[in-house]
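Order-wise, the sequence lines are chains A and B.
Residue numbers for the first sequence follow the working numbering, beginning at 1 and rising by one.
Residue numbers for the second sequence follow the working numbering, beginning at 1 and rising by one.
Derived by calculation from the structure, the hints in this document are not laboratory data.
Heads up, a few of these hints could be off.
Claimed, not checked - List time: in silico DSSO-like cross-link candidates among lysine-lysine, alpha-carbon distance up to 27 Å: (1) Lys70/B / Lys140/A; (2) Lys142/A / Lys158/A; (3) Lys420/A / Lys515/A; (4) Lys70/B / Lys158/A; (5) Lys576/A / Lys216/B; (6) Lys140/A / Lys216/B; (7) Lys24/B / Lys216/B; (8) Lys24/B / Lys158/A.
These figures come from a predicted structure and were not determined experimentally.
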Amino acid sequence: MEKNATWESDAWGSSRGWLAPRGARGGGRSWEAQIRPTFRPGPSLSSVLNELPSAATLRYRGPGVLPWGTLVEEVEDGGRSSRAVTEATQKELQEPHPSRELPWPMQARRAHRESHARDQVAYGSGSRAAQWAVLLRRSKEKMRANLHALQPWAWTLKRIGGQFGAGTESYFSLLRFLLLLNALASVLNACMVLLPTWLEGAPPGPPDPDTSSPCGSYHPYSQGLVTFPAQLFYLLSGEGYLEWSPLFYGFYPPRPRLAVTYLCSAFAVGLICLLLILHRSVSGLKQTLLAESGALTSYSHRVFSAWDFGLRGDGHVRLRQRLILYELQVELEEAEVRRRAAVRTLGQQVRIWSVRLLLNLLVVALLGAAFYGVYWATGYTVELQETPVVQQTPLLQLGVNYLPSIFISGVNFVLPPIFKLIAPLEGYTRSRQIVFILLRTVFLRLSSLVVLLFSLWNQITCGGDSEAEDCKTCGYNYKELPCWETRLGQEMYKLLLFDLLTGLAVTLLIQFPRKLFCGLCPGALGRLAGTQEFQVPDEVLGLIYAQTVVWVGSFFCPLLPLLNTAKFLLLFFLKKFTLFSTCSPASRTFRASTANFFFPLVLLLGLAISAVPVLYSIFLIPPSKLCGPFRGQSSIWAQIPESISSLPQTAQNFLFFLGSQAFAVPLLLISSILMAYSVALANSYGCIISELKRQIETEVQNKVFLAQRAVALSSANGAL
Amino acid sequence: MGGSGSRLSKELLAEYQDLTFLTKQEILLAHRRFCELLPQEQRSMEESLRAQVSFEQILSLPELKANPFKERICRVFSTAPTRDSLSFEDFLDLLSVFSDTATPDIKSHYAFRIFDFDDDGTLNREDLSRLVNCLTGEGEDTRLSAAEMKQLIDNVSVAGLGLAGPGSGREGWTCGLKPSHSQILEESDIDRDGTINLSEFQHVISRSPDFASSFKIVL
Numbered sequence: 001m002e003k004n005a006t007w008e009s010d011a012w013g014s015s016r017g018w019l020a021p022r023g024a025r026g027g028g029r030s031w032e033a034q035i036r037p038t039f040r041p042g043p044s045l046s047s048v049l050n051e052l053p054s055a056a057t058l059r060y061r062g063p064g065v066l067p068w069g070t071l072v073e074e075v076e077d078g079g080r081s082s083r084a085v086t087e088a089t090q091k092e093l094q095e096p097h098p099s100r101e102l103p104w105p106m107q108a109r110r111a112h113r114e115s116h117a118r119d120q121v122a123y124g125s126g127s128r129a130a131q132w133a134v135l136l137r138r139s140k141e142k143m144r145a146n147l148h149a150l151q152p153w154a155w156t157l158k159r160i161g162g163q164f165g166a167g168t169e170s171y172f173s174l175l176r177f178l179l180l181l182n183a184l185a186s187v188l189n190a191c192m193v194l195l196p197t198w199l200e201g202a203p204p205g206p207p208d209p210d211t212s213s214p215c216g217s218y219h220p221y222s223q224g225l226v227t228f229p230a231q232l233f234y235l236l237s238g239e240g241y242l243e244w245s246p247l248f249y250g251f252y253p254p255r256p257r258l259a260v261t262y263l264c265s266a267f268a269v270g271l272i273c274l275l276l277i278l279h280r281s282v283s284g285l286k287q288t289l290l291a292e293s294g295a296l297t298s299y300s301h302r303v304f305s306a307w308d309f310g311l312r313g314d315g316h317v318r319l320r321q322r323l324i325l326y327e328l329q330v331e332l333e334e335a336e337v338r339r340r341a342a343v344r345t346l347g348q349q350v351r352i353w354s355v356r357l358l359l360n361l362l363v364v365a366l367l368g369a370a371f372y373g374v375y376w377a378t379g380y381t382v383e384l385q386e387t388p389v390v391q392q393t394p395l396l397q398l399g400v401n402y403l404p405s406i407f408i409s410g411v412n413f414v415l416p417p418i419f420k421l422i423a424p425l426e427g428y429t430r431s432r433q434i435v436f437i438l439l440r441t442v443f444l445r446l447s448s449l450v451v452l453l454f455s456l457w458n459q460i461t462c463g464g465d466s467e468a469e470d471c472k473t474c475g476y477n478y479k480e481l482p483c484w485e486t487r488l489g490q491e492m493y494k495l496l497l498f499d500l501l502t503g504l505a506v507t508l509l510i511q512f513p514r515k516l517f518c519g520l521c522p523g524a525l526g527r528l529a530g531t532q533e534f535q536v537p538d539e540v541l542g543l544i545y546a547q548t549v550v551w552v553g554s555f556f557c558p559l560l561p562l563l564n565t566a567k568f569l570l571l572f573f574l575k576k577f578t579l580f581s582t583c584s585p586a587s588r589t590f591r592a593s594t595a596n597f598f599f600p601l602v603l604l605l606g607l608a609i610s611a612v613p614v615l616y617s618i619f620l621i622p623p624s625k626l627c628g629p630f631r632g633q634s635s636i637w638a639q640i641p642e643s644i645s646s647l648p649q650t651a652q653n654f655l656f657f658l659g660s661q662a663f664a665v666p667l668l669l670i671s672s673i674l675m676a677y678s679v680a681l682a683n684s685y686g687c688i689i690s691e692l693k694r695q696i697e698t699e700v701q702n703k704v705f706l707a708q709r710a711v712a713l714s715s716a717n718g719a720l
Numbered sequence: 001m002g003g004s005g006s007r008l009s010k011e012l013l014a015e016y017q018d019l020t021f022l023t024k025q026e027i028l029l030a031h032r033r034f035c036e037l038l039p040q041e042q043r044s045m046e047e048s049l050r051a052q053v054s055f056e057q058i059l060s061l062p063e064l065k066a067n068p069f070k071e072r073i074c075r076v077f078s079t080a081p082t083r084d085s086l087s088f089e090d091f092l093d094l095l096s097v098f099s100d101t102a103t104p105d106i107k108s109h110y111a112f113r114i115f116d117f118d119d120d121g122t123l124n125r126e127d128l129s130r131l132v133n134c135l136t137g138e139g140e141d142t143r144l145s146a147a148e149m150k151q152l153i154d155n156v157s158v159a160g161l162g163l164a165g166p167g168s169g170r171e172g173w174t175c176g177l178k179p180s181h182s183q184i185l186e187e188s189d190i191d192r193d194g195t196i197n198l199s200e201f202q203h204v205i206s207r208s209p210d211f212a213s214s215f216k217i218v219l
């Protein structure tokens with residue numbers, strides 16, 4: 001007994017507490033027998049602690065079942081005590097929980113539900129408010145269930161998530177979301193652009209090649225017989241009969257009402273996309289903000305949420321186990337690295353920072369070279385198109401037409417693997433490396449598109465110089481680009497098509513043969529080369545890039561969202577088929593939570609980037625004088641003030657007020673104040689959390705002290 | 001699907017829908033899969049509700065066969081007095097907790113029970129080291145080394161005793177206090193008692209946004 005008392009006081013002294021006494025239960029642990037050879041009479045510390053209210057849900061396991069955590073000895077002497085415990089537990093949990101949220105077995109929940117129903121009846125149908133609350137909750141749940149059932153492919157997504165992990169599922173979920181966006185955009189475009197066009201009479205045909213104006217002449221195609229290769233060429237490059245079709249901007253007649261709806265459709269589509277993306281990213285943001293700084297809880301997360309319970313198949317499970325082992329070892333190693341880094345000497349620090357600087361310079365150089373290549377390719381295309389060799393062979397012509405797209409795709413293929421090779425050399429931890437790789441790849445993808453647009457802008461506006469010879473008369477380069485909006489739309493159309501073709505080619509020509517042939521290869525080489533994973537980050541960035549292209553192009557090519565809907569639909573089924581036939585479950589380097597937060601953010605970035613060229617064209621570049629619904633205006637936007645002036649006076653005043661500074665400045669001030677308030681609130685919550693944590697620690701020490709006193713007192717009483 | 005005897009009645013379906021997080025389709029599918037595990041004569045509706053399926057049969061389901069936690073899952077959800085078989089309602093409980101729509105509270109509660117290998121209501125060092133061994137594989141070459149396990153779980157020893165996981169039994173009694181770095185207990189054990197109880201576990205899990213999506217089994 002003295003050993004007991006000294007042990008407990010010792011344990012109380014050290015902050016690591018009373019592990020040994022707690023562990024003294026039935027169950028073969030050899031070292032315990034050495035410490036505790038005798039069975040203590042009276043209630044033990046563990047049984048006292050088991051009776052605490054906080055362990056209530058743990059204890060009760062259902063009628064007729066032993067409370068969880070009981071000892072064999074306690075059962076022998078106190079079948080009554082366990083029954084008393086279960087009854088007490090039932091009384092404790094009187095809060096009106098819905099039955100299915102209680103962590104009890106089915107029978108217990110059924111009993112709880114029946115007793116709850118009886119109580120409700122006994123109290124005379126409770127209070128009005130409680131009833132209404134229950135009804136409201138049930139109807140909300142039903143509505144949510146119906147909405148979920150409306151979403152297509154829900155079952156497929158669940159199956160994918162179960163077999164390949166949450167990261168892959170997030171890719172397909174994003175694809176489905178983008179499909180919805182594109183479908184909405186195409187419907188809006190059809191209603192606001194196509195319908196008004198035909199409502200006021202069929203639009204006229206292409207302008208005569210004979211007519212000429214101070215801004216040159218524009219003849220999109222020559223009527224007459226077209227050979228089949230030429231037809232294919234026209235289809236792939238958007239020229240010929242496609243150029244003067246509802247597909248492109250130039251086709252639409254200069255009717256004022258059509259002009260207004262055309263412009264409004266662009267803004268409406270942008271606004272709806274923004275709202276939907278924000279709605280989607282808010283839930284991801286909430287989850288990520290809830291998690292405190294990752295460095296603080298990385299180990300617990302890695303261990304507790306490491307296992308994906310949906311994995312099945314021995315091979316996949318072993319693969320995942322190996323990955324987890326590797327990750328844990330890497331993480332422990334990194335802790336060592338971090339500890340060593342903290343004690344790094346000045347010389348070592350200088351060395352590692354110079355290495356990092358060099359590598360970053362290398363990355364910048366590579367990116368610069370890539371961008372220059374894209375810029376050069378776009379400019380060179382026009383020159384190449386003039387040479388007679390190219391003009392005679394349609395295949396070469398097609399190749400030259402697609403030169404910018406080929407260059408961009410090539411750059412996007414080659415550079416990301418180089419980034420992946422460079423990153424380990426920088427001496428950062430693995431998680432930071434992944435962030436850096438992602439950031440660089442995102443930058444590469446979106447910037448190559450920006451460079452393409454920049455070179456096009458250069459061509460259209462003669463480098464921004466409105467006094468240059470080519471641009472003086474009409475404000476844009478009318479000799480090379482008589483209808484520059486259509487040309488812009490064509491470039492985006494070509495990018496979309498080429499993206500689809502490369503996707504198909506990669507799947508059919510690389511992934512399937514690799515799976516087939518490497519399945520026949522013997523041994524380790526076959527397994528290494530044959531196991532393909534679904535690279536979630538790369539695929540998602542590809543999706544975002546494709547969507548940004550469509551957003552840029554949809555003002556100049558109103559049917560582009562419709563084409564993109566078809567393309568994404570095809571992509572969904574293609575990727576799903578590839579996934580199930582050739583891929584194995586992906587590693588855990590990309591978590592679902594990061595995906596849910598990071599990817600909508602990049603999507604927003606893409607939307608912002610796509611808004612710039614569109615807004616610039618609307619406000620600053622004079623529209624073509626020979627094509628489109630805005631011909632003859634000084635700028636595309638000029639149509640709107642004209643239409644506003646035809647509205648009643650109050651409406652005019654209100655709209656002008658919205659655009660004035662008297663509205664914008666107070667709005668800005670109020671937003672800043674709200675933001676400052678939210679930041680202050682968040683900080684105070686953080687302080688409250690640390691304060692509460694400290695309180696918990698103190699309370700536990702109190703609890704242990706009291707429980708030990710209780711045990712000491714009762715055993716003293718028993719001994720008497 | 002078999003004869004009318006093996007279909008669940010409407011009232012029973014409605015009751016199960018109320019008491020679990022499963023949809024009607026999922027309950028019917030679960031019943032079908034459960035009946036496939038039973039011998040032919042027990043496949044009628046009344047019999048299937050009363051029948052108990054042994055662990056070996058449940059563990060033959062492809063969803064559970066390769067899961068390293070399969071025995072713990074079966075033990076936690078079993079309400080039989082001998083804790084060695086599952087009834088249909090236990091099976092529904094299992095699927096409900098692992099379903100899409102179960103609340104994170106319920107999931108973390110049952111995850112805690114599954115990880116508590118010695119069923120004592122807390123996660124102590126041995127539970128944690130057994131958990132890590134399950135995660136990395138039980139073979140000799142797939143475990144973390146003893147030093148790594150110690151570093152992972154905790155580095156501080158108590159009053160001269162070296163408490164270590166099962167793999168380091170050879171080390172015996174190591175004395176001395178070493179400062180610990182951010183490891184599991186350091187991160188999750190708020191009250192510093194050397195074990196993780198239910199509320200601490202739930203607190204850690206609530207900050208892990210991946211937990212709900214990884215704690216899922218779909219039939």
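Tested hints:
A distance of roughly 35 Å separates the Cα atoms of Lys70/B and Lys140/A; the hinted pair therefore is violated under the 27 Å criterion. Among the hinted pairs, Lys142/A with Lys158/A is consistent with the structure: their alpha-carbon atoms are about 20 Å apart, no more than 27 Å. Between Lys420/A and Lys515/A, the direct Cα distance comes to roughly 23 Å. Compliance with the 27 Å bound is thereby established for this hinted pair. With a C-alpha separation of about 21 Å, the suggested pairing of Lys70/B with Lys158/A holds against the 27 Å cut-off.
Straight-line distance between C-alpha atoms of Lys576/A and Lys216/B comes to about 21 Å, which keeps the hinted pair within the 27 Å bound. At roughly 24 Å between alpha-carbon atoms, Lys140/A and Lys216/B fall within 27 Å of each other, so this suggested pair holds. Pair hint Lys24/B plus Lys216/B holds up; C-alpha atoms about 18 Å apart against a cutoff of 27 Å. This hinted pair checks out: Lys24/B and Lys158/A have alpha carbons roughly 16 Å apart, not beyond 27 Å.
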